[in-house]
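Using the hints, put the two chains back together into the complex; each one sits in its own frame.
So the chains spell out like this:
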Amino acid sequence: MKRHVISVLVNNKPGVLTRIAGLFARRGFNIDSLAVGETQDPEVSMMTIVVTATDSTLEQINKQLNKLIDVIKIIDITDVPSVLRELMLVKVSASPATRSEIIQIVDIFRAKIVDVAPNALTIEITGDESKIEGFLKMIAPYGISELARTGTIALVRSNCK
Amino acid sequence: MKLSGAEILIQSLFREGVEVVFGYPGGAVMEIYDKLIGAPITHYLVRHEQGAVHAADGYARTTGKPGVCIATSGPGATNLVTGLATAYMDSVPVVAFTGQVATSLLGTDAFQEADITGITLPITKHNYLVKKVEDLPRVIKEAFHIATTGRPGPVLVDLPKDITQAEAEFIYPDKVELASYKPTLYGHLRQIERAVNLIQESTKPLLYVGGGAIASGATAALHKLTELVPMPVTATLMGLGAYQGTDPYFLGMLGMHGTPAANYATLETDLLIAVGARFDDRVTGNIEKFIPNAQVIHIDIDPAEIGKNVVADIPIVGDATLVLEAIVESLAKRDLSGPKAEARRKWLEQTLAWKEQFPLEYGPEESPQGVAPQFVVEELYRQTKGEAIITTEVGQNQMWAAQFYCFDRPRSLASSGGLGTMGYGLPAAIGAQIGNPGRTVIDIAGDGSFLMNVQELATAVQYGIPIKVAILNNQFLGMVRQWQEIFYQRRYSHTCLRSNPDNVKIAEAFGAVGLRATSADETREVIAEALAIKDRPVVMDFKIDREANVLPMVPPNGSLDQMIGGGTR
Ligand SMILES: Cc1ncc(C[n+]2csc(CCOP(=O)(O)OP(=O)(O)O)c2C)c(N)n1
Numbered sequence: 001m002k003r004h005v006i007s008v009l010v011n012n013k014p015g016v017l018t019r020i021a022g023l024f025a026r027r028g029f030n031i032d033s034l035a036v037g038e039t040q041d042p043e044v045s046m047m048t049i050v051v052t053a054t055d056s057t058l059e060q061i062n063k064q065l066n067k068l069i070d071v072i073k074i075i076d077i078t079d080v081p082s083v084l085r086e087l088m089l090v091k092v093s094a095s096p097a098t099r100s101e102i103i104q105i106v107d108i109f110r111a112k113i114v115d116v117a118p119n120a121l122t123i124e125i126t127g128d129e130s131k132i133e134g135f136l137k138m139i140a141p142y143g144i145s146e147l148a149r150t151g152t153i154a155l156v157r158s159n160c161k
Numbered sequence: 162m163k164l165s166g167a168e169i170l171i172q173s174l175f176r177e178g179v180e181v182v183f184g185y186p187g188g189a190v191m192e193i194y195d196k197l198i199g200a201p202i203t204h205y206l207v208r209h210e211q212g213a214v215h216a217a218d219g220y221a222r223t224t225g226k227p228g229v230c231i232a233t234s235g236p237g238a239t240n241l242v243t244g245l246a247t248a249y250m251d252s253v254p255v256v257a258f259t260g261q262v263a264t265s266l267l268g269t270d271a272f273q274e275a276d277i278t279g280i281t282l283p284i285t286k287h288n289y290l291v292k293k294v295e296d297l298p299r300v301i302k303e304a305f306h307i308a309t310t311g312r313p314g315p316v317l318v319d320l321p322k323d324i325t326q327a328e329a330e331f332i333y334p335d336k337v338e339l340a341s342y343k344p345t346l347y348g349h350l351r352q353i354e355r356a357v358n359l360i361q362e363s364t365k366p367l368l369y370v371g372g373g374a375i376a377s378g379a380t381a382a383l384h385k386l387t388e389l390v391p392m393p394v395t396a397t398l399m400g401l402g403a404y405q406g407t408d409p410y411f412l413g414m415l416g417m418h419g420t421p422a423a424n425y426a427t428l429e430t431d432l433l434i435a436v437g438a439r440f441d442d443r444v445t446g447n448i449e450k451f452i453p454n455a456q457v458i459h460i461d462i463d464p465a466e467i468g469k470n471v472v473a474d475i476p477i478v479g480d481a482t483l484v485l486e487a488i489v490e491s492l493a494k495r496d497l498s499g500p501k502a503e504a505r506r507k508w509l510e511q512t513l514a515w516k517e518q519f520p521l522e523y524g525p526e527e528s529p530q531g532v533a534p535q536f537v538v539e540e541l542y543r544q545t546k547g548e549a550i551i552t553t554e555v556g557q558n559q560m561w562a563a564q565f566y567c568f569d570r571p572r573s574l575a576s577s578g579g580l581g582t583m584g585y586g587l588p589a590a591i592g593a594q595i596g597n598p599g600r601t602v603i604d605i606a607g608d609g610s611f612l613m614n615v616q617e618l619a620t621a622v623q624y625g626i627p628i629k630v631a632i633l634n635n636q637f638l639g640m641v642r643q644w645q646e647i648f649y650q651r652r653y654s655h656t657c658l659r660s661n662p663d664n665v666k667i668a669e670a671f672g673a674v675g676l677r678a679t680s681a682d683e684t685r686e687v688i689a690e691a692l693a694i695k696d697r698p699v700v701m702d703f704k705i706d707r708e709a710n711v712l713p714m715v716p717p718n719g720s721l722d723q724m725i726g727g728g729t730r
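Just so you know, the sequences run in chain order A and B.
Quick note on numbering: the first sequence equals residues 1 to 161 in my numbering.
Quick note on numbering: the second sequence equals residues 162 to 730 in my numbering.
Chain B with its partners taken away, still in its complex shape (with noise of 0.2 Å):
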């Protein structure tokens, strides 16, 4: 049977499993638009091209799918870049479609055209621009099967509009031909048996999480690990929950604001065995003063991350799931007791030791300046037991979100990483609550980040999607005020937002509940009443101390051992 380019589209998505969409209409995507009315794919109304490739993105991390999105040519392709940045940099699987202007009009300056292939060429793991309606099926395979394999990431689709027009026989091909990708699943064997060894030898290991292992699905493995061979263990901003947060030998995030224990660790290990971990510059501080003891095992699926800031002793190219089981497979026949053991239990003491000895800590829950910010994070912690899903803005709120709200499971933090999006919190938090309609979702947010995609109530209200935002409200652009008082003599450049609007007001105004809180008690009080809401966004406003600060901080560059508001081993 013939179909136009449009229903291909639709029927494609239909065949790879997708239940929801993100996107915006305009001239360029009208044919889909039409054969969206009786699809088997909701499709939701953003209000803005950038919600809707959060909203794909925070999808796509809290439930492990793909996330889709569609554009219209021009503007609303170009609407959608930060966005694909931001999935590029974390490694998010999320498939954009976007309008085009007819294949005869291409290169002419068209109405509403943009080379949107070229203008994301860095920033998606692949794009086609699809000339003829009978490659469509095949592109369509081959984007969601680039964007969910290896190291995942985001694929553009670019339709001009005839193509979406024109008909074809609709066959959907059942497996992809892509000879030049072949992602390593399995690590190599003499690697492994070569990390077994290290690990056997090893005194002071220390294992460092990164987005890979929950990419991966990797938490199982981790904990058979660390069962075998009881180790500390860290993580990076991404790869928070793919261990259990509250497990005994979890030390909490490192680096800048990781926890003193997780950066003294990383100053003394022996071993690091690195998984789905980059070894960023958040992470690492001074790259020559990182690790300056240990060798480094590094497992990650994409080759180029291994040797790429740090050198590896033992490279591992494979699955982080399929590696890890490997090497708990060989490690469970060594025999590890002994001496090495022995120093590796010291170790262990000493790891949790700094854990009691410095854990993350604030003032007062409230003073004259107002409600302690972590106060707010780990309130929401205890009424939502640990099990919400937390997106979160950029800037201090993503830090103080990081530090006290303990992540227990894989899949519970979406947060703008490596491209640091203000204004990723709220659409994602949509993405995340319609895939995870059973789950509380909370965004974070500052009340710089919260104006960025504040439009985003609008759909959050239409499809009464029971959102809850957290506004951390400091009245200002917190994080760069605070490294104007700490790198600049508090000269505050800019980054005073005291004219901002009502926040109550403005979510009353879409139509959601806005709840304010400006002592301790009101806070609980407001988040038990957000909580209890479940059949439209809540926005709830914590008038916070202005000038807190996030600490520890160990200083653009410093060694990990230069923690300002640290304590000292």
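In isolation and in its complexed conformation, chain A is listed as follows (with noise of 0.2 Å):
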């Protein structure tokens, strides 16, 4: 079983998120994390979905895929030089004492505090997935009372292509 980061170009149609979605669902195929949303053509969405899976669960997945009459194009991008990023929202609490110690971190990890509270602090933090996960193990400590993340996108690098 390996992580596998997969492009899919769509056609950007009402219903097409339900199709994908329930693809993987009857078929049996877990999704790590799926994001959408629309390319620099208006009519075609880029999905980015992150899934474990075997080598042959693996080419099942992108054979299903490509039956779909909306589906565009497949890129499997796992082993391709590429940019990947999520965005994740957190709401740490923060008491006078902690306050200067969590800005630390937020500057270490060039994340962002978009909102203050007399007792937490809002933090945006983009990267891809190794740093997401490190800052939250750094501030998972001084309490987290709400979440939210993106899922990964991605792009392949020019040169490479």
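No lab work stands behind these hints: they were computed from the structure.
All C-beta atoms in this analysis are idealised placements derived from N, C-alpha and C, irrespective of residue type, glycine included.
Among the clues, some could well be false.
To be verified - When the alpha-carbon atoms are kept at most 27 Å apart in a straight line, the in silico DSSO-like pairs for lysine-lysine are as follows:
(1) B:Lys196 to A:Lys73
(2) A:Lys13 to B:Lys196
(3) B:Lys507 to B:Lys450
(4) B:Lys163 to B:Lys293
(5) A:Lys2 to A:Lys131
(6) A:Lys63 to B:Lys343
(7) B:Lys226 to A:Lys67
(8) B:Lys385 to B:Lys293
(9) B:Lys343 to A:Lys73
(10) A:Lys63 to B:Lys336
(11) A:Lys2 to A:Lys67
(12) B:Lys450 to B:Lys494
(13) B:Lys226 to B:Lys302
(14) A:Lys2 to B:Lys469
(15) B:Lys343 to A:Lys67
(16) B:Lys469 to A:Lys73
(17) A:Lys13 to B:Lys336
(18) A:Lys67 to B:Lys450
(19) A:Lys67 to B:Lys385
(20) A:Lys13 to B:Lys507
(21) A:Lys13 to B:Lys292
(22) A:Lys13 to A:Lys63
(23) A:Lys73 to B:Lys385
(24) A:Lys13 to B:Lys450
(25) A:Lys91 to A:Lys112
(26) B:Lys469 to B:Lys343
(27) B:Lys292 to A:Lys67
(28) A:Lys63 to B:Lys302
(29) B:Lys336 to A:Lys67
(30) A:Lys63 to B:Lys469
(31) B:Lys292 to B:Lys343
(32) B:Lys293 to B:Lys196
(33) B:Lys336 to B:Lys196
What the hints assert, rightly or not - Ranges between beta-carbon positions, derived for each pair:
(34) A:Glu38 to B:Gly581: 42 to 50 Å
(35) B:Thr345 to A:Thr126: 35 to 43 Å
(36) B:Ser341 to A:Asn119: 50 to 58 Å
(37) A:Thr18 to B:Ala502: 49 to 57 Å
(38) A:Glu38 to B:Gly178: 36 to 44 Å
(39) A:Asp115 to B:Ser341: 40 to 48 Å
(40) A:Asp115 to B:Lys292: 34 to 42 Å
Here it is in structure tokens:
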């Protein structure tokens, strides 16, 4: 089993997300994360799907996705040099005593404080998965009250296309 | 010129060459039904929407043309579900049009609203909810294109009522532009050469033919291959008729109820050439023990089938006919003599010896228990000279039909293989008869299945469709009873149908002809009498041996040589 990041270009039509999510559910493929948004062409959306699968399951995922009429193209970018990013918003408890420590961690990770309340900070961070996980590990001890993540999005690096 | 959505639908169907549709009206499709009056398309009123979709399916399987059906929103649409799933599993080009509540009411739980595109997502090749009347011609064009090309399958188009009423300029596109859908037709040349090498080097090749060969029209190409490289041939239920059933090289069906010769050949082959077949568990039995000695050439138009259940040594994505023709062309340039050819000849002889030694057999034509069901099917074969179109229900009747009616031509068997839908055969026979007015069409049925869509007798009577229904009446849900006998110590839980109605009277009540046979002689007479009737449906009720079993039988997940009633090599 290996983690794979696959980029799926799809027609930007109602129901496309259901078709893809439904396919994963019904064939028993697990999704670790899925992010979707428009591309430069408003008629086309890009889905970035992270899955953990064996080689043969991944092959089936690929082929079954390809059968969907609205799927234009699939690229497995796991082993292709690419830029992977995820965005996370996290609300951390911050007392006057801990506030400056948290701010230091935020600086080290080049994260951003986007909202300040008397006893909490809301932090925004982007990065690849390991950076986000690393950051989470550092701030978890202060107490996380809310957290939202976008899931990974990705683009292949230009010189390698 | 501006036309309403309903008129656009009918004009588009006409442009697609659709001659018949099967349907049932209701509130959401009234606009369409109004425009059917005087339309250049014949509409057949069924008695249940499931009948409409199975009839469209039977029409499609036996003609090769897409089958079309119409149902209203809500319950009309949900009544199509089993039929769409049936067509999906067997890759049949069916296009279904459903009414829907007006766009302004979508998502409000309006009267007779059902999310039919959501419901049928996993059982259609594709589906559409049309929200602008301007999109309708393009959507219909795409629907037929998708249903009939590549690996065929059902497509559903959901039409909100206001879309059928709204007007738009009617311009029917002459081609489809779908960047995301381009089936591969021609096999990869290098793979074809590698396949040819393997065939040339093989000593025990076996041709394994599935429904894809019929969809692709590969009959001639298959025969060319075995002319060039004589080898035994077996087929799945869906593939019966793709290769001539009476050809000496044909070993019969393989798998759970396959012939011993076909199953033994499968276990011993060193090169399995799969053509449009998908290695279903009813074919392979225990997949670990299937083809222990073979390399596999897998030809299929659907890349997802290749490597799904069995690893293919040579995967070839493409249309079966085109790929086989390319293989034959290349093989013809090779030297096909020598020791390998000699070994292949010996292998062929061996498999044909198995065929001689282990034919499908049954006891006497009749016994105190009743008529032998296999005899009924054989008698149907004799009296129709093997030229009828057979549809089947599901259960023992289906397997006896597959084993004892020898199919010499493609598109002569319509049977629900993948989904195993009881109630399929009768409406499918209606569709088949409409598509093939000159041929005899017989639904080989069980008494349980017959009741599942018996209402369609009314459709057949209304239009004078002379289908024949041959009920192998064992007063049991026979196939389930057989499993209870073998695997559950004869504990016959809820499989006895003793209190079922009198099928002859049922036929008569519908205005069809009802005939009964309780002996072998009556069987011969009843079949002759039925075949002479050309203006009405006929129901034949054969009182068969109640506890007759379908043999041989490989227990589920067994190895193909563990055949109950199959003899030993
Ligand atoms: C719609 C549906 N329900 C249930 C089944 C399960 N099933 C498979 S065979 C069978 C018995 C069929 O009985 P009958 O039609 O009398 O045929 P026989 O096996 O006796 O020939 C049943 C219930 C099915 N295949 N389809």
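Comparing the hints with the structure gives:
| no. | hint | verdict |
| --- | --- | --- |
| 1 | B:Lys196 to A:Lys73 | violated (41 Å) |
| 2 | A:Lys13 to B:Lys196 | violated (30 Å) |
| 3 | B:Lys507 to B:Lys450 | holds (24 Å) |
| 4 | B:Lys163 to B:Lys293 | holds (14 Å) |
| 5 | A:Lys2 to A:Lys131 | holds (19 Å) |
| 6 | A:Lys63 to B:Lys343 | holds (13 Å) |
| 7 | B:Lys226 to A:Lys67 | holds (22 Å) |
| 8 | B:Lys385 to B:Lys293 | violated (50 Å) |
| 9 | B:Lys343 to A:Lys73 | holds (12 Å) |
| 10 | A:Lys63 to B:Lys336 | holds (26 Å) |
| 11 | A:Lys2 to A:Lys67 | holds (23 Å) |
| 12 | B:Lys450 to B:Lys494 | violated (36 Å) |
| 13 | B:Lys226 to B:Lys302 | holds (15 Å) |
| 14 | A:Lys2 to B:Lys469 | holds (19 Å) |
| 15 | B:Lys343 to A:Lys67 | holds (10 Å) |
| 16 | B:Lys469 to A:Lys73 | holds (21 Å) |
| 17 | A:Lys13 to B:Lys336 | holds (21 Å) |
| 18 | A:Lys67 to B:Lys450 | violated (30 Å) |
| 19 | A:Lys67 to B:Lys385 | violated (31 Å) |
| 20 | A:Lys13 to B:Lys507 | violated (58 Å) |
| 21 | A:Lys13 to B:Lys292 | holds (12 Å) |
| 22 | A:Lys13 to A:Lys63 | holds (21 Å) |
| 23 | A:Lys73 to B:Lys385 | violated (37 Å) |
| 24 | A:Lys13 to B:Lys450 | violated (45 Å) |
| 25 | A:Lys91 to A:Lys112 | holds (12 Å) |
| 26 | B:Lys469 to B:Lys343 | holds (21 Å) |
| 27 | B:Lys292 to A:Lys67 | holds (24 Å) |
| 28 | A:Lys63 to B:Lys302 | holds (25 Å) |
| 29 | B:Lys336 to A:Lys67 | holds (21 Å) |
| 30 | A:Lys63 to B:Lys469 | holds (10 Å) |
| 31 | B:Lys292 to B:Lys343 | holds (25 Å) |
| 32 | B:Lys293 to B:Lys196 | holds (19 Å) |
| 33 | B:Lys336 to B:Lys196 | holds (26 Å) |
| 34 | A:Glu38 to B:Gly581: 42 to 50 Å | holds (43 Å) |
| 35 | B:Thr345 to A:Thr126: 35 to 43 Å | holds (40 Å) |
| 36 | B:Ser341 to A:Asn119: 50 to 58 Å | holds (51 Å) |
| 37 | A:Thr18 to B:Ala502: 49 to 57 Å | holds (55 Å) |
| 38 | A:Glu38 to B:Gly178: 36 to 44 Å | holds (38 Å) |
| 39 | A:Asp115 to B:Ser341: 40 to 48 Å | holds (42 Å) |
| 40 | A:Asp115 to B:Lys292: 34 to 42 Å | holds (40 Å) |
Of the numbered hints stated above, those contradicted by the structure are hints 1, 2, 8, 12, 18, 19, 20, 23, 24, listed in ascending order.
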